[in-house]
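Residue numbers (my numbering), protein chains in the order written: chain A, 1 to 191; chain B, 1001 to 1530; chain C, 2001 to 2451.
Check each hint, because a few of them may be wrong.
Under 7 Å between C-beta atoms, here's a sample of chain C residues computed to sit facing chain A [said to hold, decoys possible]:
(1) PHE2095
(2) HIS2133
(3) TYR2147
(4) ALA2174
(5) LYS2190
(6) ARG2191
(7) GLY2257
(8) ASN2339
(9) HIS2346
(10) ASP2378
In case anyone wonders, no lab produced these hints; they're calculated from the structure. Quantities reported herein were computed from a predicted structural model and do not represent experimental measurements. All C-beta atoms, glycine included, are put in the ideal place defined by N, C-alpha and C.
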Amino acid sequence: MPWISEDRRHTRVAEGQPLLTESLKAVLRDKYFPRYPSKRAVLLPALHLLQHEYNWLPTQAVQEIAEFLEIAPAEALDTASFYEEYWLKPKGKYLLQVCRSLTCELCQSEQLRDHLSQKLNVDPGETTADKRFTLVELECLGACGTAPVVMVNEVLHENVTTDRLDQIIAALPEDPHDMKDPGMTWDNDGH
Amino acid sequence: MPKITVDGQTIECKDKQMIIQACADAGIEVPHYCYHPGLSIVASCRICLAEVEGVPKLVPTCQTPVRDGMVVHLNSTKSIANQKQVMEYLLVNHPLDCPVCDQAGECNLQDYSYQFGRSESRFEEAKQKKPKKDVGLHVLLYNDRCIMCTRCVRFTREVAGTSELFVDGRGSKEEIEIFPGKPLNNKLSGNVVDLCPVGALLDKDFLFKQRVWFLKSAPSISPADAGGENIWVHHNEGVVYRLKPRYNEQLNKWWISDDTRYSHKVVNDPKRLYGAMRTQYGSQVESNYDDAIQQADTDLKRIHKENGDASLCAVLSPMMASEEAYLLGKYIRSIDPAALLVIGPVPMAAEDEVFRHYVSGQETFRIQAEKVPNKNGVTRVIDLLGGAKQTWDEFSQQHPTKLKAAWVVGGYLSHWTGLDAPAPLKKLYKVVQDILPSHLTHHADILLPSATWVEKDGSWENYQNMSQAFVAAFPPRDGAMREGNVYAKLLGRRTYDVAHVRQEMGEPFTSIKVPTISEADEPAMEFVEI
Amino acid sequence: MAFTEPVLTKRIPLDASQRKLIGYDDYVATGGYKSLKQALEMPPADIIKTVTDSGLRGRGGAGFSAGQKWSFIPKEKKGPHYLCVNADESEPGTFKDRYLIDHDPHLLLEGIAIACLATQCDIAYIFIRGEYHYSAKVLEHALKEAYAHGIFGGDGVLGSGKKVECYVHRGAGAYICGEETGLLEALEGKRGWPRNKPPFPAIAGAFARPTVINNVETLMCVPHILERGPAWFKTMGTPSSPGPKLFGMSGHVNNPGVYEDELGITLDYAINKLAGGMKGGAYKASVCGGISMGILGTNQLDIKLDFDDVRFRGGCLGLGTAGMIVMNEHTDMVKALRNCVRFYAHESCGQCTPCREGSNWMRKILDRILDGDGKAADLQMLMELEKTMGIMPGTTICGLADGTAWATRTFINKFYDEFALRCPEAPTKTIPLKVSSGRLNVLTPMGSNTR
């Protein structure tokens, strides 16, 4: 082939046990299908569901979702790749999301980013060697009144300082699924 | 019918037509990238914006329907400013590698840059680099050059219905991509190369083969199947470099199948037959072409004389032009009025390949199962000539013993006879006209290498009984002769004049329209004395 | 004109430590779902008329009349109608919808139910941005309660036979999905590329059916309007922008947070009375309603925060979401603008050429200026690029590029000197070039090399 080109034709999707298991399919079928007039509309919820399950979205998962929703795999990936929240490459157990938008920047979010970057020895966008943390900078998290904010997986921490950041990280459980949102005063019925 | 005014020129439009299409119909070019009449409208490239009186904002002409009395300004200060700005934006991340780009010379970026752009870019920052990808059997993707018009993506969804291509990512980082391991291998894949307004999607077959400004074009018809897809033959110095779709509203619209697209391979196949042969003492020897024709004539007349009527037959290939088939029939019947006319084998796929819109399921394209272009035409000619006739199957199964000699025409795009000569022909005296070597050509008593469809004039009748003419792109190489010319010689005519033959054949052949190369395609040269 | 008591935040105490999630029982105990019962007695056209009469303008940014928007929905029903609740609050400086949802979700649900009755919608989708994990859980929880109490599903709203379903649909991290049609695309499971209009959502929106799209705060006003009447609503705010409004105060102020007051208060009042005054230095500038709307300058403290004054006197695009990002005198405006433009470059959906390429180009120029490599031509370039983007010049499908344009325009115009200082007429900087040995090799600008 002239010049260097990526051979996308023969890239194989790693295939193992189905990631979209029967029980996950049942959730989609029973909970989400009745909500929408088209199967395709279930795509975003389905991607969320599988990402919640596996911490990221392997290509195989996208392919299985596409098959289940009766759309072309490329269309599913088209959608998935558009949204920032879907991780199409593996990430650490804990995703440390530092808001970098205007209010947070005015409130010194860069210090938080640099602190984390040094502490974990990674640049934004990278994952620590032990695969425990991935550091990212995000655009506005919608909590400007309590800037600067850092979101760890699904839990938002407000008015964060470097000291509090250390405490937050130290208090993280081994398994991310054990993490509780302190604001939740009722039983989690999932989303 | 609404009338609109574009830059002072009043044009008539169809109801609900978009401005850009109305302009195109009236021969006014509005610059555009994402708009394509055969695809859905996304209005995302934004270069077609124009000022319309009474509307404060610029309007996308591809997405705004005409209204009677509308006054459109393509050349107003605002419109021009927008065109210039969009051009500059598009070139911000474009590598400008025109010298090594196949699209150079037929590139909308180049053309519009010249017509509507700035002379230089003010972008001083680093350009983004994006990878080159091998995305399909026939298609390469140079993401660097892509301007994200998404025509290709829309094509795979809305026409091919296979949805292989998609947009990956968002914003300035987005790229065209395929799902890993699910390549763009559908039978319409080559069309994305035609659709690409820049050099991002490239045909591997044409890659680095020829600069497009050397190419000449001839209107033609697809030889690949009975669909009768309209094509342009792009050639230079006797070499066909590529086939491109020629718009036909009723048939192929803007598209052709890959079968058609790569059917030109046979034209410049190194194995093609050149030079007439005749059998002497059991083996083939080279012969002067005219002598070989004479020999065939003499032999056939002798055989008829010795064996009486119905001893001759002609196998008329469904690859032949109708006019040629007519002349051959005429000729063979002039020797043997009871000669049998057989239509050659008609290779068939199991079924038509149908392409559908990815959501609506509406049929968008159909590749015919019948893999020859002119079964209907040849059948019509045989009926026109009357007398004894057979299909290939009938001919193969019940071999009439009285037959002594056959005139066999091949011309198939690939070897058609298999390993062995067709059984019914085995014991006969054979005059064979063909383009590729085969068992049959090896055992021909007289071998007359013939011309491919790009080397001759004629017409084919497609599956809908629509007869369409094709025009010779260039003459056959020495050592091959158009079938028509051979028959003309045998019938004692001066030349093979297609128009004349059509007159002779009567309707519907007389009313076949011959496509011409419009002046826009071949600008007239003005000769001046220096 | 008087704002005497909190309306939308009447159940949310000002003291943060006292705040809690208002459940169904608490909500009903404080007069909740009364308006819904009232709405059930009214023909849909009357509900729309009441809302139109109140002069309620959309709180999502554009300030379009809510009642009028509802009236565009075809009266004759030939299939399902949809309501999409826009809770994709992603505009920097805006956090009011999160505040409302997190504390008083049932007010939103009541507003949704009423809107569905008014526009004959069968299904309401609450499109909430993906990052609002907690808020999504709050809504799921509140919906569970509402379903259990017959607000949604079952035999129709409170057993009336007019059945309305309501679901939460989570976005997944894309600012552009806050744009109406981008939202619809995301709802349908596609990439959030805004659609071309026409057709407008009121005719062919979600799943090609008539669709109403309303902001959270807008819908939350509706139960109050029904309960207390349009005349009461108009006692607050200005004639053209009536009603209460949530102001999100953030940045360099002593008490950042969401405050409710009426439309038409001055910026000065918002900063000094609501948010407790400036922190760390004197006032310099304030983003007036999310960064898309542009910035109010140092001498614009008297601008009235309503849909018109910000625009006509303030020189901004509009009030937007009324999210104020207040900056003190020590703020680097070049860096602040870079932050805004980086946001737009990052969030551009990539559909239209001017926005996709232009925002990124501007970001690169600003990066360079921040690195100390600016020159006078850069400022001209920025101003020229800005003018070629967005709906207002008409070169893009949606208004995202307008955000880029207006932020850039107002920042540079109002703080020109600060920018000019960083962009001198002639470059003064020598460019250090790292060579492979690791030593620094100082190159002078091109031209002085006389070999």
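Okay, the hints, checked on the actual structure:
Among the interface hints, the one on C:PHE2095 holds; its C-beta lies about 5 Å from the nearest C-beta in chain A, closer than the 7 Å criterion. Taking 7 Å as the C-beta cut-off, the interface hint given for C:HIS2133 holds, the closest approach to chain A being about 4 Å. With a least beta-carbon distance of about 12 Å to chain A, the hint placing C:TYR2147 at the interface is violated under the 7 Å criterion. For C:ALA2174, the suggested interface contact is upheld, since its CB lies about 5 Å from the closest CB of chain A, less than 7 Å.
Among the interface hints, the one on C:LYS2190 holds; its C-beta lies about 6 Å from the nearest C-beta in chain A, closer than the 7 Å criterion. Given hint, C:ARG2191 at the interface with chain A, holds; its Cβ is 4 Å from that chain's nearest Cβ, closer than 7 Å. A least Cβ separation of about 4 Å between C:GLY2257 and chain A falls short of the 7 Å threshold, and the interface hint therefore holds. Against a cut-off of 7 Å between C-beta atoms, the interface hint on C:ASN2339 holds, since the closest Cβ of chain A lies about 5 Å away.
Using the Cβ-Cβ criterion of 7 Å, the hint placing C:HIS2346 at the interface with chain A is satisfied: the shortest such distance is roughly 6 Å. The restraint placing C:ASP2378 at the interface with chain A is violated, with a minimum CB-CB distance near 21 Å, outside the 7 Å limit.
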